[in-house]
Amino acid sequence: MNKYMDRNRSLGEFVHGEDDDIIICRCEEITKGEIRRAVHEGMMTMTEVKRYLRAGMGLCQGNTCGKLIKGIIARELEISASQIEECTARGPARPVEINVLGNEVESNE
Amino acid sequence: MMKRYDLIVIGAGPAGLSAAIQAAKNGVKVAVFDENKSPGGQLFKQIHKFFGSKEHKAKVRGFRIGQELLKEAEQTGVMVHLNAIVMGLYNNKEIMVNENDQTNHYKADSIIIATGARENMIPFEGWTLPGVMGAGAAQTMMNLHGVKPGSKVLMVGSGNVGLVVSYQLLQAGVEVVAIIDAAPRVGGYGVHASKVTRTGVPLYLSHTIVKAEGTETVSGAVIAQVNSSFQKIEGTEKHLDVDTICIAVGLSPMSKLLKMAGCKMEEAAGDIPGVDENNQTSLEGVFIAGDVAKIEEASSAMITGRISGISAGRYLGYIDDEVAGNDISKLKNSLAQLHKGMFSPENKGRIDIEETDEGYKTSESLLKKGYIDDNEILSFPGVPKKKVVGIHPVIECVQNIPCNPCQDACKNGCIKVGEIITKLPAVDPDMNCIGCGLCVALCPGQAIFLVDDDYSDDYATVTLPYEFLPYPKAGTKGIALSREGKRVCEAEVLYCRTNTAMDHTALLTIKVPKEMSMKARFFTAKEAL
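Line order of the protein sequences matches chains A and B.
Counting with numbering that gives the first Met the number 0, you get residues 0 to 108 for the letters of the first sequence.
Counting with numbering that gives the first Met the number 0, you get residues 0 to 528 for the letters of the second sequence.
Don't read these hints as lab results, they were simulated from the structure.
We put the beta carbon where it would ideally sit given N, CA and C, even for glycine.
Mixed in with the good hints, there may be bad ones.
Here are the computed distance ranges between Cβ atoms for each label pair [to be verified]: (1) I97/A <-> S37/B: 22 to 32 angstroms; (2) G11/A <-> E353/B: 40 to 50 angstroms; (3) S227/B <-> G70/A: 43 to 53 angstroms; (4) G70/A <-> D240/B: 39 to 49 angstroms; (5) H15/A <-> Y470/B: 49 to 59 angstroms; (6) K2/B <-> I97/A: 43 to 53 angstroms; (7) Y359/B <-> A80/A: 34 to 44 angstroms; (8) I97/A <-> A268/B: 26 to 36 angstroms; (9) R8/A <-> S227/B: 46 to 56 angstroms; (10) S37/B <-> R74/A: 15 to 25 angstroms; (11) G70/A <-> K263/B: 21 to 31 angstroms.
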């Protein structure tokens, strides 16, 4: 089992960082400290952090913060960011109003 | 019936349009979808002259290349759907598109994804304040919408994007207070750095942004020095009086549609799609082109677009295998020319390059200070080592970058780059320069100057590329600045020349004391500095 997947490994006590109040996910207003704490509480993938905090779930769909969140998780776990699994990509790739999705045209000339 | 095409291209930037044109030329029925209201992607905000050689459209300004592409797309019958937001790509090559608040579905037998890239951000205290923006966003505001992003800007990042946008901010009349970079070396081309430093913009390397000050909007910035492990050094904080902070710290591919369709990535957790030698992804018939495949210049994006267009045409049976193979290998040769030199993909991030391809010692000061030091300049082949009688070019292009318009510009054969376009331009010592100045105006790096040490007993003339409006009139008195952007002497404008071929790069000829002809590299009518 690699270091990343070892969920029993201790990350040590959570220590408050001086830049913990910086907002990382602007759409949902999630701070760096919240993301770091989530990792300490057992969230080790992008998907887990997203579902736990809604980070990356707002209007921009993680386009701005995705990479930042990945970096924070990686630093907290002391592994390379390339090992952090990304969120599942699914449509809609751009924000869309539900009435537009509902306004689906089946026969399109 | 769902609307069908032979080929759907997603993204109408340089890569997508090139791909569509190439396929359409071969009879493929192509539709391009783009979420923006006008096509061209980022090309129309590229107001600078491109690098490369003739076949890469070197020395042509980016937006003009965009106009050419649009014309070609129209002539070849490419259909462009604008304001068409592709929301989904599914593995049966179906796309879901938001058009006029209606969800439409289209299908094709082949798909090319050319969705480009997005700007990376770095978080710091106050980074969410209005006034902090991507450098690309600032460029869009200025060059597409004619709006100044601010009046005093701090640029974070010294790569080509940071340097080019800084220069364009200056052109728009915005003050660039500083350019900073956490790395100890300039990230972009030396020529791009030089044309900003010579105007007096300070460059702080090994510096990071600590915070953006302000409550409602940015009212200042604090920067600090970093050590070799990029950690802030306490006590080195410095306040800068700015109202705008531009972030130019790289780009990331927008590959979400591909992931959604199940395309394999180069690294399992990464965002770079894996491709074969014909730009085909792990999904049969789905190709990629441009920045979504690899972050590069628009010149490369247009070539990879054409390769994908041919590959898709072959996949669809419109292009014969052999013809496609030949065309692709020609395009790959053209791409390979752009991939040589100090900034090539394989040299990316290398800091141990001590010599140019020709064996000249690299300019340390260019990397560490953003300009070539007086004591280094004479060692390069574009700079005459002995006294030359009369007017002659001085070429301050000292890094192996893919570019050769200077060679074509000189009809008298004074300038030689050679077959390999990353070689340093050399000036023939027995040249017959007539002082036409075309090399000066056509050099995309603005690295060529004409010097005439025999103007009079006491004075020499320096002719420099100048792209700031209004052009100074003959007789204007001001000061000459050094490569470093420091005052060197008083100077007087003798004349300012422009013509169509020079395409808005004016030739400004100034008169300076003889001993300053190899120091004066910019002119300002302002007394300050």
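Violations among the numbered hints, reported as their numbers in ascending order: 3, 4, 6, 9, 10
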